[in-house]
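**Q** Make the full structure from the sequences, and use the hints.
2 protein chains.
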Amino acid sequence: MKRIQIGLLGCGTVGTGVAKLLIENKDLLTARVGADLNLKWVADIDIETDRGIQFPEGVLTTDAQKLLTDPDVDMVIEMIGGDGIAKDFMLQAINNGKHIVTANKALLAAHGNELFAAAARNGVDLAFEASVGGCMPIIKSVRESLVANHIKSMTGILNGTCNYILSKIEDEGISFQEALAEAQRQGYAETDPTLDVEGTDTAHKIAILAALAYGMEINLKDVYTEGISRITPLDIEFAGQFGYRIKLLAISKFQNQRVEARVHPTMMPFKNLLTSINGTVNAITVSGDAVDDILLYGRGAGMMPTASAVVSDIVDIARNILSGTVRRIPPLSYQRESIRKIPVLPMDDLVTHYYFRFAALDHPGVLSTISGILGKYNISLQSVHQKGRKTNGSVPLVMLTHRAQEVDVKRALAEISDLNVVSDEPVLIRIEDDGLD
Amino acid sequence: MKRIQIGLLGCGTVGTGVAKLLIENKDLLTARVGADLNLKWVADIDIETDRGIQFPEGVLTTDAQKLLTDPDVDMVIEMIGGDGIAKDFMLQAINNGKHIVTANKALLAAHGNELFAAAARNGVDLAFEASVGGCMPIIKSVRESLVANHIKSMTGILNGTCNYILSKIEDEGISFQEALAEAQRQGYAETDPTLDVEGTDTAHKIAILAALAYGMEINLKDVYTEGISRITPLDIEFAGQFGYRIKLLAISKFQNQRVEARVHPTMMPFKNLLTSINGTVNAITVSGDAVDDILLYGRGAGMMPTASAVVSDIVDIARNILSGTVRRIPPLSYQRESIRKIPVLPMDDLVTHYYFRFAALDHPGVLSTISGILGKYNISLQSVHQKGRKTNGSVPLVMLTHRAQEVDVKRALAEISDLNVVSDEPVLIRIEDDGLD
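Protein sequence lines correspond, in order, to chains A and B. If you count the first sequence from 1, position 267 lands on 1148 in this note's numbering, and the numbers rise without skipping. If you count the second sequence from 1, position 6 lands on 887 in this note's numbering, and the numbers rise without skipping.
Just so you know, these hints were derived from the structure itself, not from any lab. A hint or two may mislead.
The list treats identical chains as one, so a pair stands whether inside a single copy or across any two.
[What the hints assert, rightly or not] Quick list of in silico lysine-lysine cross-link-like pairs, DSSO-like style, CA-CA up to 27 Å: (1) Lys947 <-> Lys901; (2) Lys1033 <-> Lys901; (3) Lys1134 <-> Lys901; (4) Lys968 <-> Lys921; (5) Lys947 <-> Lys968; (6) Lys1268 <-> Lys883; (7) Lys1033 <-> Lys907; (8) Lys1134 <-> Lys907; (9) Lys1134 <-> Lys1222.
**A** Written out as structure tokens, the structure reads:
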């Protein structure tokens, strides 16, 4: 039986899951692939900790060079993470003619164009299914299953930590800080949760998906990114009264030869299936001109779900090797000569619906002053709600707008926040609701 | 640029969609695939009807042999349907060394083992993504994305017609017959709706999926199949009171070296995402040992969604041809030598939860008689509900059971239906609820 030699670089949580699957599900993989997927090397700075796996003798090493330079190794599985040493090792492996499997969205979002170019030059495969959405097969679906579609939009819950925190705030009426602390206790959030809760991780993922969907270079810097740390139980409660739930969404659309790519808390109607996705899972809706909508749902993180996606990439590359081919599918979905720079819509040009909440003094004339300023900036209102509970002399004044332009909204809110009758910063949450005018 | 020559056999609804995509999205396909996917022949008995497509000169023919025998043709897209002439043409194409793409679940479920064997002998690819779930990429997901998983179960809504009818009965409180008539008016149900509403179409699909998931031969005859024609608004209403919705589910599980494969109306708790899937769409949950659960959702039928899946298969095969390989992935997910006959659990051996509804005379002692018979057959009850509305002197007596065995249930219900105090046939609906004892 043919043997494919695999080097695993980094044996943390996901790396351990990959090793487990390759060892414990070996018979299954052999029955499906028809070859022996052999874990030849596992390199990690820590080879003492018991990972609950019986590694064959001599597989573990602290020396990454052993696998990067071993001529027998067909592919390197980069499970180190981050954009430091992982990048150097990956480039070295590529230059040594080894195929790459990675789950490293931070690295791909920041340096993907360089890495994909290196892989093309060296004629190796670079697979990254696990970098977005854990085990839900979003990359394969966009690249292969939807190949005949012009992708029109993608809307996703791509960070389980944020989704858990938002579900928690809604279910228990607790603050963001309390929900975050609970997520940390449960192991769903890191000690430093910034990358997750500020939306950065989600931005990495939508930058990668937009490239695949539209045939554009990866462009992380133009993805608008806003996290969930300012979401309050009060806004979630109001959202519910309007038939909305708040989710941290990655939204990307292709319109008029420009791409929208943005990450922010978003109100969405209950009837949208994405609002039923609660807890640590991920889900995404993709719209294409032929399929209408498809939705995928699955665990977006965790040892075994992510490892499942990594091993699916290992198998894809193994099948290429076994059938004597390479780069059978372009990693970024389009042939290299068809990949363009497509401009990302500046956030100021965005046109959407908005929810505002002002802490306004309970005075006659306040509503007229505020709505006057909004009117001056061409922002017209669907509805206005003055809700009962007074705190520090002000009441929440909630407004839903018709379609408005972001730059106008920014200017109007700046002017309103300067008013004496408005305390606190105004709250702005964008609404994604096809049913609105 | 390389050219792949395609012959389309049958130009009905889906065939027309395939032609549309190949012609209208040609630039997109070229940018992604790097080759010209050329529609060389379109064979249909009717080449006069305007299909809204500008076919190139000389492409249309009434002579299937033109494309079956043309040595230039790389692949044949079988869009005739049914298991008559489609099978002969498919075998002829295979024997002529042509790759096959089909959406024909009826044919694959009944004669798949023979067809896949022929494809293996002749060294051609046989692709069938569109045969299950329309545009939702369930076949690729099971075969490729979940390749590292032992699949534990699959639970799916795989027939949009039935799902539309059930949603309609629930939303409007109308009868099955009225909902079916509406589905026919909307074009969601055929004039002869038997294949859909009696569950046969769903059985075809789960027979195919079970083979892929567990590495077994396709076994349609052992799939238990029960349709939705006896579902009433009353049972849907009662289901709602218990927190359940009724869906026509395809259920398959792998346990103790046996496979469950069954299609029947099923009560499922609202908290299961599948119960939120209403209307003509399809959805499926797949559980694997590494991924936990994934869910896919999409249009299960219709011209363009189904055509999207067909063209994804065309592209997969084109990529094999372009990279000089064939049968890169075994069509049935497992290497041929690993495919076994796995016994299907006889329905009598099924153990699950049940909902019963009896039309019982409102007499003292009736409940004790019925529950006595159930007890005799080891069927213990979770709850009993005597609901108010009397019709023809009887009231609905509703019971939910603990886990019970199907053979006991059958015997008990036969005995109960013979009682003088029970009019009408007892209603039995199986419950799928992990939360129950």
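**Q** Hints first: check each against the structure and report whether it holds.
**A** Checked hints:
{"no.": "1", "hint": "Lys947 <-> Lys901", "result": "within (21 Å within a copy, 52 Å between copies)"}
{"no.": "2", "hint": "Lys1033 <-> Lys901", "result": "between (38 Å within a copy, 18 Å between copies)"}
{"no.": "3", "hint": "Lys1134 <-> Lys901", "result": "between (38 Å within a copy, 24 Å between copies)"}
{"no.": "4", "hint": "Lys968 <-> Lys921", "result": "within (22 Å within a copy, 46 Å between copies)"}
{"no.": "5", "hint": "Lys947 <-> Lys968", "result": "within (17 Å within a copy, 54 Å between copies)"}
{"no.": "6", "hint": "Lys1268 <-> Lys883", "result": "neither (70 Å within a copy, 66 Å between copies)"}
{"no.": "7", "hint": "Lys1033 <-> Lys907", "result": "between (40 Å within a copy, 17 Å between copies)"}
{"no.": "8", "hint": "Lys1134 <-> Lys907", "result": "between (41 Å within a copy, 22 Å between copies)"}
{"no.": "9", "hint": "Lys1134 <-> Lys1222", "result": "within (15 Å within a copy, 47 Å between copies)"}
In summary, the one numbered hint that this structure violates is 6.
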